[in-house]
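Our numbering runs 15 ahead of the 1-based position in the sequence shown.
Rather than coming from a laboratory, the hints here were simulated on the basis of the structure.
There may be inaccurate statements among the hints.
[What the hints assert, rightly or not] No more than 30 Å apart at the CA atoms, straight line, and that leaves these computed lysine-lysine pairs for DSSO-like:
hint, residue 1, residue 2
1, Lys256, Lys204
2, Lys263, Lys325
3, Lys278, Lys316
4, Lys215, Lys278
5, Lys158, Lys125
6, Lys322, Lys288
7, Lys132, Lys145
8, Lys132, Lys252
9, Lys158, Lys231
10, Lys417, Lys404
11, Lys334, Lys361
12, Lys145, Lys176
13, Lys231, Lys323
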Amino acid sequence: MSDFLSNFNGDNYDRRKQEKEPIEEAVKKVEKMPKKDARSKESKKDARSKESKKSPDPKIKRRNRAPQEEEGIDPAYKQQKKRKRRWIILGAIAGSLLLGFMYYQQTHVKVPNFVGKSLTDMQVWASENKLKPKVKQSYDRVKEANIILAQEQKAGSRIKKGDVLNVTNSLGADPKEKIPLPDFMKMNKQQAEQWIKEHKAENLSLIEEFSDIVEKDRPLRTEIANAEVTPENYQRKDAAKVYYSKGKQTYQKDIKVPDFQRKPRSEVESWAKNNEIDLTYEEKTSNEIPADSIMEQSIPKDEKIAKKDKMNVTVSLGKGYIVPNFADYSLEDAGTALEGVQVQAKGIYTENLPYGQLVSQSVEAGKVLSAKDNLTIKVLYSLGRPYMKDLRGTMVEGGLQKYFHEEFQSKGANINYVIRRVDSDQPKGTVVGMSHFSDYVPLNLTVSIDISLGNLGSAPTSFPNNTGGGDSEGNQEKPSE
Numbered sequence: 016m017s018d019f020l021s022n023f024n025g026d027n028y029d030r031r032k033q034e035k036e037p038i039e040e041a042v043k044k045v046e047k048m049p050k051k052d053a054r055s056k057e058s059k060k061d062a063r064s065k066e067s068k069k070s071p072d073p074k075i076k077r078r079n080r081a082p083q084e085e086e087g088i089d090p091a092y093k094q095q096k097k098r099k100r101r102w103i104i105l106g107a108i109a110g111s112l113l114l115g116f117m118y119y120q121q122t123h124v125k126v127p128n129f130v131g132k133s134l135t136d137m138q139v140w141a142s143e144n145k146l147k148p149k150v151k152q153s154y155d156r157v158k159e160a161n162i163i164l165a166q167e168q169k170a171g172s173r174i175k176k177g178d179v180l181n182v183t184n185s186l187g188a189d190p191k192e193k194i195p196l197p198d199f200m201k202m203n204k205q206q207a208e209q210w211i212k213e214h215k216a217e218n219l220s221l222i223e224e225f226s227d228i229v230e231k232d233r234p235l236r237t238e239i240a241n242a243e244v245t246p247e248n249y250q251r252k253d254a255a256k257v258y259y260s261k262g263k264q265t266y267q268k269d270i271k272v273p274d275f276q277r278k279p280r281s282e283v284e285s286w287a288k289n290n291e292i293d294l295t296y297e298e299k300t301s302n303e304i305p306a307d308s309i310m311e312q313s314i315p316k317d318e319k320i321a322k323k324d325k326m327n328v329t330v331s332l333g334k335g336y337i338v339p340n341f342a343d344y345s346l347e348d349a350g351t352a353l354e355g356v357q358v359q360a361k362g363i364y365t366e367n368l369p370y371g372q373l374v375s376q377s378v379e380a381g382k383v384l385s386a387k388d389n390l391t392i393k394v395l396y397s398l399g400r401p402y403m404k405d406l407r408g409t410m411v412e413g414g415l416q417k418y419f420h421e422e423f424q425s426k427g428a429n430i431n432y433v434i435r436r437v438d439s440d441q442p443k444g445t446v447v448g449m450s451h452f453s454d455y456v457p458l459n460l461t462v463s464i465d466i467s468l469g470n471l472g473s474a475p476t477s478f479p480n481n482t483g484g485g486d487s488e489g490n491q492e493k494p495s496e
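Between the sequences and the hints, there should be enough to build the whole structure, so can you do that?
Written as C-alpha cells, this is what we have:
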C-alpha cells in the first residue's frame, strides 16, 4: 500500500504529468486538422465498415479491426494499463500474505520465559492461550516448591494453540533426604533459625515458652514426633520441635472486668479466652435468670485484673424442678405430680407391701432438677401379692402366653407355666387343670397347666370365649356357632 501511495508523491506526479503533455498536444493537433481530412477519414471509415459487412467470416473482421484499434491506442495508456494490472496483482499477493500472517498470529502465541516463575502463573497463561500444560515434577533444594525450573519451548518462540507446553516444576527440597540434627541445646534461637533456613527443614518448628529459670532465646528441650526417629537418621519430612525460652512472664493488671450480669455464658467465655483469664464456672437453677446466663461473678465490674488471674462466675440452669416425695401421691395421680417433668408411674407385685404403697422413685425427693438433667422420673407402687385366677374351662392354650406376661411378668412377678397334655372330653386345647388357682401366689412360681387333648367322648362344639384363644398348636380358632 505504501508503494501504491508513493506514485502520488511530488516527483512521480511531475513525471506522470510530463508523460501526459505529449498526448494532450497530439489531441489538440488532431482537432486543428481541416474538416476535409476529417471527412475523408470518415469516408474511409465508412468504406472499411462496408467491406467488413460484406465479409462473412468474423475472424477476418477481428483481424481487420485489430490493427485499426491498435492504431488509435495511446502507448502511454497501454503502459498505464499494464502498471495498473501489476498493482492489482501485487495487491492480491500482499492481501494473501497479510491474511496468512493474521491467521498465523491468531493461531500461534509467543512463549514467555517461565523459568523462576510460579507454576500457577504458567497454568493461568496456558489456560488463557488454550495450551495444554504438561508438568514434570523434580526435587530442588535451591528453588522453592511450585517454581518453574525449566521449559522445553524456548522463551520468545511461537507455539500453536492446542499444543502441549512442557515445563519442569520444583517440588522443593527432597523430604526423604537425611539431614542429621545438630545439638540445639548448644545453639541459641537465631542459630537454630539459620540452620533451618540453610537445610530447608520446614517440618522443624521453633516454639517459645515462658520460663522462670532459663534466659530468653536459650533452648529448653527438643522433641521429635516419631519415637523411632533419632537426630542421626532425621529426614526432612519428620516433624520435630525445639523449645526456646521467652524469659519470665509478667503481667500488669490492666484488664477491666465488664458487668456480666444476665449476659450469655458465651460472652464471658469469649472475653476470658481473649484475655487469658482462668475462668471457672458454678451452675445453679433460677426461676428469674434465663438458662446459660450469668447470675453472679466473683470479681465486680470495673475492677482491673491481669492475665492468668482467676475468676469465678455462676451460670443459671434455668427453671428448677424440685422432686416431690411420691409417697404422698397415688399411682393414678403420680403422673401429674410435677409439671415439666415426665413421671412414669407403674404398679408392681410385692411380697410384703400393701397395695398402693410407694415402692421406689428413681430420683430422691427434694433434689432440684434443671434443663441439663434427665427430666424423667420412674415411680413404682405396690400392687400387693399376685393372685392366680382359675383358668379352667375359660382359657385355651393360645392365650396363656399373653395372660402370664401382662398379668404377672410385666408387673415384676416371675411367674411362669408349664404345659401337660391330658385325655379329656373338653375341646382340644382347653385348660382343664392347674396346680395353683383362685389363690395368692408367691413372686417366683411355676404353674403346671393341663391342656385337653379332646379325645374322650363327644366334646362340645364350642370353645371357651377368651382373648387370644387358640388350639393346642397355638393357632387361632373361631368358636363354633
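Evaluation of the provided hints:
| no. | hint | result |
| --- | --- | --- |
| 1 | Lys256 with Lys204 | holds, 12 Å |
| 2 | Lys263 with Lys325 | holds, 20 Å |
| 3 | Lys278 with Lys316 | holds, 13 Å |
| 4 | Lys215 with Lys278 | violated, 50 Å |
| 5 | Lys158 with Lys125 | holds, 26 Å |
| 6 | Lys322 with Lys288 | holds, 10 Å |
| 7 | Lys132 with Lys145 | holds, 19 Å |
| 8 | Lys132 with Lys252 | holds, 25 Å |
| 9 | Lys158 with Lys231 | violated, 33 Å |
| 10 | Lys417 with Lys404 | holds, 14 Å |
| 11 | Lys334 with Lys361 | holds, 27 Å |
| 12 | Lys145 with Lys176 | holds, 6 Å |
| 13 | Lys231 with Lys323 | holds, 21 Å |
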